[in-house]
Amino acid sequence: MAARDPVIVGVGLSDYPKAPDLSAVGHHAQALQRALADCGLEKSAIDGFLSTGGMAPGDDPVTLAETLGIEHRFIDGTMVGGSSFEFHVQHAVAALRAGLCETAAITYGSDYLSRMGRALGTGGGRGGRRVGGPMQFDAPYGNSLVGAYAMVAQRHMYEFGTTSEQLAEIAVGVREYAGLNPNALYRDPIGVEDVLGSRMIADPLHKLDCCVVSDGGGALILTTEERARDLRQPAVSVLGAAGGMTHWNIHQMGDFTRSAAARCAPEAFDQAGLTPADVDVLQFYDSFTITVLMLLEDAGFCAKGEGGPYVAEGFLRRGGRHPLNTDGGGLSSCHPGMRGVFLLIESVRQLRGQAGEAQVPDCDVALAIGSGGWLSAIGAVLLGRGGNA
Amino acid sequence: MEVVKGVDWQKPLPEPDPLYSVFWEAAGEGRLLYQLCPNCGHRQFYPRPLCLACGADPEWAEASGVGEVYTYTVVRQFGAPPFKDELPYVVAMIALPEGVQMLGSITDCDVDAVRIGLPVEAYAIAAGDGIGIPFWRLR
Ligand SMILES: [Zn+2]
Numbered sequence: 001m002a003a004r005d006p007v008i009v010g011v012g013l014s015d016y017p018k019a020p021d022l023s024a025v026g027h028h029a030q031a032l033q034r035a036l037a038d039c040g041l042e043k044s045a046i047d048g049f050l051s052t053g054g055m056a057p058g059d060d061p062v063t064l065a066e067t068l069g070i071e072h073r074f075i076d077g078t079m080v081g082g083s084s085f086e087f088h089v090q091h092a093v094a095a096l097r098a099g100l101c102e103t104a105a106i107t108y109g110s111d112y113l114s115r116m117g118r119a120l121g122t123g124g125g126r127g128g129r130r131v132g133g134p135m136q137f138d139a140p141y142g143n144s145l146v147g148a149y150a151m152v153a154q155r156h157m158y159e160f161g162t163t164s165e166q167l168a169e170i171a172v173g174v175r176e177y178a179g180l181n182p183n184a185l186y187r188d189p190i191g192v193e194d195v196l197g198s199r200m201i202a203d204p205l206h207k208l209d210c211c212v213v214s215d216g217g218g219a220l221i222l223t224t225e226e227r228a229r230d231l232r233q234p235a236v237s238v239l240g241a242a243g244g245m246t247h248w249n250i251h252q253m254g255d256f257t258r259s260a261a262a263r264c265a266p267e268a269f270d271q272a273g274l275t276p277a278d279v280d281v282l283q284f285y286d287s288f289t290i291t292v293l294m295l296l297e298d299a300g301f302c303a304k305g306e307g308g309p310y311v312a313e314g315f316l317r318r319g320g321r322h323p324l325n326t327d328g329g330g331l332s333s334c335h336p337g338m339r340g341v342f343l344l345i346e347s348v349r350q351l352r353g354q355a356g357e358a359q360v361p362d363c364d365v366a367l368a369i370g371s372g373g374w375l376s377a378i379g380a381v382l383l384g385r386g387g388n389a
Numbered sequence: 390m391e392v393v394k395g396v397d398w399q400k401p402l403p404e405p406d407p408l409y410s411v412f413w414e415a416a417g418e419g420r421l422l423y424q425l426c427p428n429c430g431h432r433q434f435y436p437r438p439l440c441l442a443c444g445a446d447p448e449w450a451e452a453s454g455v456g457e458v459y460t461y462t463v464v465r466q467f468g469a470p471p472f473k474d475e476l477p478y479v480v481a482m483i484a485l486p487e488g489v490q491m492l493g494s495i496t497d498c499d500v501d502a503v504r505i506g507l508p509v510e511a512y513a514i515a516a517g518d519g520i521g522i523p524f525w526r527l528r
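Here the protein sequences come in this chain order: A and B. Here our numbering is used: the first residue of the first sequence is 1, the next is one more, and so on. Here our numbering is used: the first residue of the second sequence is 390, the next is one more, and so on.
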């Protein structure tokens with residue numbers, strides 16, 4: 001590795017899935033403290049800061065930097081929804097390579113569950129009001145967040161014969177991993193029949209096809225390979241990081257069966273010189289079961305339209321070819337509004353061999369793919385074990 | 390496009406905006422509009438300040454008011470009124486023969502009878518201030 005190659009050296013999770021005593025900003029702070037302790041760096045070493053804002057008062061990147069006491073040379077406030085943190089890795093990597101900063105922190109925090117309750121995906125906060133911008137072509141019809149993904153699932157089923165049973169397999173496999181995570185919101189094992197028997201929220205998505213609502217936060221610290229050598233934890237290499245966006249509002253998704261992952265995942269693989277066959281563990285955004293299926297196909301793990309049968313083979317399950325969401329995912333563990341940071345942190349834990357009972361054997365390469373908006377902004381990050389993966 | 394009047398409109402309304410108001414005002418008069426580029430012929434919806442294909446100034450064109458279901462969902466849970474009081478209802482993407490897609494709602498039908506590919510026809514509900522909101526019915 002070259003001296004300025006970017007690596008992840010510290011990760012930290014704040015208390016989740018419920019932390020009634022923490023504000024959103026409190027989650028940022030706690031996760032950052034834990035990430036610093038993880039790698040043994042002082043906060044004063046951070047000269048690059050990346051965060052989204054948009055979850056709570058006082059969490060905009062500049063106010064956060066002030067609150068956390070981070071004097072930065074490089075700052076990035078990219079906000080593209082749940083995949084923002086995969087985009088942040090891409091930007092931090094470029095900044096580190098260019099010498100715009102030496103050590104960068106990415107932080108996220110949300111108190112959604114404690115502050116707003118569980119109804120987020122089904123229009124709890126929407127009523128009669130005036131709506132500006134392109135959302136005015138959506139708002140009069142009472143579409144929900146779940147409804148948008150449900151329309152994607154419905155089209156996928158129509159074009160390729162995908163079934164509710166196949167989608168349910170994804171939730172079942174992720175729940176099995178949640179059972180190994182003492183912090184996961186839901187841990188009891190479920191079967192396909194439990195998913196299909198749960199309440200229909202928006203056809204064809206059942207309650208158990210949908211992610212949970214939780215509190216939580218996370219932080220990552222990146223620096224150059226040279227600086228990482230004397231730190232506490234084994235460095236995790238960023239092998240590839242790419243992002244892309246095809247639309248923002250769901251009514252502008254031209255082809256409801258393809259996402260920007262079809263372009264950015266191959267780009268990340270090209271950067272790394274790897275293919276899907278080289279990946280040992282998947283951390284995919286699982287806002288809904290259909291999200292995983294789309295990302296799986298678009299990233300090239302199977303052909304377009306073959307995601308259903310692929311999942312039904314059990315390839316994503318514990319012990320399968322590409323185990324998925326080993327922390328219990330957004331479907332069972334935590335989803336505090338934007339989940340992309342957790343995908344990266346769980347990838348790092350796996351590559352360090354620190355994932356406990358959920359550890360994937362011989363885990364050398366992890367792929368994290370975040371999805372923001374309505375399958376709109378997709379960010380793919382390939383991470384590798386040690387300095388020589 | 391038929392315009393249904395006298396409905397007590399409780400749902401969200403568009404904020405006044407010169408870019409979009411022509412569309413809503415035309416719907417109030419029974420005309421369903423989309424944008425057509427006089428330079429390259431590209432068709433688009435929702436309205437934009439430029440042609441998405443070539444960057445020229447788009448013009449308005451009137452759609453025939455028919456279409457078919459590209460995809461849909463039946464919303465069975467929604468937390469806020471007035472939608473909460475109408476559950477279950479259909480939200481759908483409608484493909485127009487003019488080559489654009491519009492999000493909408495299909496009404497006046499058994500929600501479980503909706504399928505991808507079914508033909509639909511637009512109507513508008515007068516929502517005050519001279520504007521109309523397009524909806525769809527099975528043909
Ligand atoms: Zn044009």
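Some hints here could point you the wrong way.
Selected chain B positions facing chain A (Cβ under 10 Å, derived; list incomplete) [unchecked claim]:
| no. | residue |
| --- | --- |
| 1 | Lys400 |
| 2 | Ser453 |
| 3 | Val463 |
| 4 | Asp497 |
| 5 | Asp501 |
Since the hints were derived computationally from the structure, they do not count as laboratory data. Note that CB positions come from ideal geometry on N, CA and C, so glycine has one too.
Hint check results:
For lysine 400(B), the interface hint holds, the least distance from its beta-carbon to any beta-carbon of chain A being 5 Å, beneath 10 Å. Here the hint on serine 453(B) is broken, as its CB sits about 19 Å from the closest CB of chain A, past 10 Å. Of the supplied interface hints, the one on valine 463(B) holds, with its beta-carbon coming within about 4 Å of a beta-carbon of chain A, less than 10 Å. Proximity of aspartate 497(B) to chain A is violated relative to the hint, the smallest CB-CB distance being about 15 Å (cut-off 10 Å).
The beta carbon of aspartate 501(B) is positioned within 10 Å of a beta carbon in chain A (closest approach about 9 Å), and the interface hint is therefore held.
Of the numbered hints given earlier, the model fails hints 2, 4; all others are met.
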